[in-house]
Structure formats: C-alpha cells, structure tokens
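No gaps in the numbering here: position 94 of the sequence shown is 170 in our numbering, and each next residue is one more.
If you're looking for bench data, these hints aren't it; they were derived computationally from the structure.
Treat each hint with caution, since some may be false.
Stated by the list, open to error - Derived CB-CB ranges, DEER-like: (1) His131 with Gly168: 15 to 21 Å; (2) Glu101 with Ser187: 48 to 54 Å; (3) Pro148 with Pro107: 24 to 30 Å; (4) Pro193 with Thr110: 35 to 41 Å; (5) Ile154 with Met105: 18 to 24 Å.
Built from N, CA and C at the ideal position, the CB exists for glycine as well.
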Amino acid sequence: MPSSVEDELCKGFVALPFHDDFSGEPIPMTPITTKALRNGLESLPQEMYDMIYNHVFHIEPHSEVITKAYKPPIQLQISSKTRARAMQSYYGANAVWVFENPDEAKYLIHSWFASLPPAVENYFRARCVNGTCQWHFHEGGWALHVYQLKQTGRTKPFLIEGLWLH
Numbered sequence: 077m078p079s080s081v082e083d084e085l086c087k088g089f090v091a092l093p094f095h096d097d098f099s100g101e102p103i104p105m106t107p108i109t110t111k112a113l114r115n116g117l118e119s120l121p122q123e124m125y126d127m128i129y130n131h132v133f134h135i136e137p138h139s140e141v142i143t144k145a146y147k148p149p150i151q152l153q154i155s156s157k158t159r160a161r162a163m164q165s166y167y168g169a170n171a172v173w174v175f176e177n178p179d180e181a182k183y184l185i186h187s188w189f190a191s192l193p194p195a196v197e198n199y200f201r202a203r204c205v206n207g208t209c210q211w212h213f214h215e216g217g218w219a220l221h222v223y224q225l226k227q228t229g230r231t232k233p234f235l236i237e238g239l240w241l242h
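The task is simple: from the sequences and hints, build the whole structure.
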C-alpha cells in the first residue's frame, strides 16, 4: 500500500503524547533535576544562553521600600556566580532606596547597610547624602552617620541623593 503524503511528511518526527478526549488534563511531565537543567542550559548556543540568563537575572532600575520585613530579591540568593552579576543591576543602575517611616528610618538605615555584602559599595551611585544623613568610605568599609531623621511636614517623599524619606 502506498504511503500517504502525511506519512512522508511526518517521517522521522517523534510522536508526543496527547489527549484525544479534549479533557483538558495536563500531560504528566517527568521532573527534571537541577543538574540536568544546568547541563541543558549550558549546552545552548552562547547567544541563546545569554538571552535567557539576562532575562532571568537582570533587575531593572527600581525604587525599593526598605522596611523591617525587607528581603533581597530571589536573584541574589541563587548562587555566588549569579549573585555577583545580579547585584550590579539591583544595587546600581539608578536604584532608589525608600525609608517610609521616619521613626524607624535611623534604625532601618543602619541595619540595612550592615546587612549588605561588601561588594555592594561599588554599585551605589550616591557616596554622600548631605543634610539628613552622611555616609562615606573609610578604611574598614562604608560608614553611615545619621544626624537627624525627623518628620519634615512634606506630604510627598523627597530625594536626598539616593535615599527617599517620607
């Protein structure tokens, strides 16, 4: 019996499982290990790998509210290799750090800076905040000196070279 055109076109393709009952049930997937995922990604052409990597790990310039519950983004918690690359886009790139509660701002600024990895100092644009706070680099690392943090009576936040206070 002669083969059909459809048979010829499909020769060499692997048939994937599907549901012909249109039940809408998902096809069961085999779990993938971290090692298999890593190997698969690393076997991609470099351009494609870079596109995926940049999409997942690049953090756009942003405004981040620092509260007691603040946690850094997940991109900074994956591995030391990815953390080094993601820190640059998260802490640099015109990021603005917001401290909304003036009563807690002094404590939050100190504890937040103390929690940052030393490499972060290279990414901050503002090296000195004049007026309300002042921070500078010295032999032991970054130091933040808070002179006064009080309610200013403003209804909108105001920018002081990299720190927003409400």
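Each hint, compared with the structure:
{"no.": "1", "hint": "His131 with Gly168: 15 to 21 Å", "result": "holds, 19 Å"}
{"no.": "2", "hint": "Glu101 with Ser187: 48 to 54 Å", "result": "holds, 49 Å"}
{"no.": "3", "hint": "Pro148 with Pro107: 24 to 30 Å", "result": "holds, 28 Å"}
{"no.": "4", "hint": "Pro193 with Thr110: 35 to 41 Å", "result": "violated, 24 Å"}
{"no.": "5", "hint": "Ile154 with Met105: 18 to 24 Å", "result": "holds, 23 Å"}
Hint check: a violation occurs at hint 4 only; the rest are consistent with the structure.
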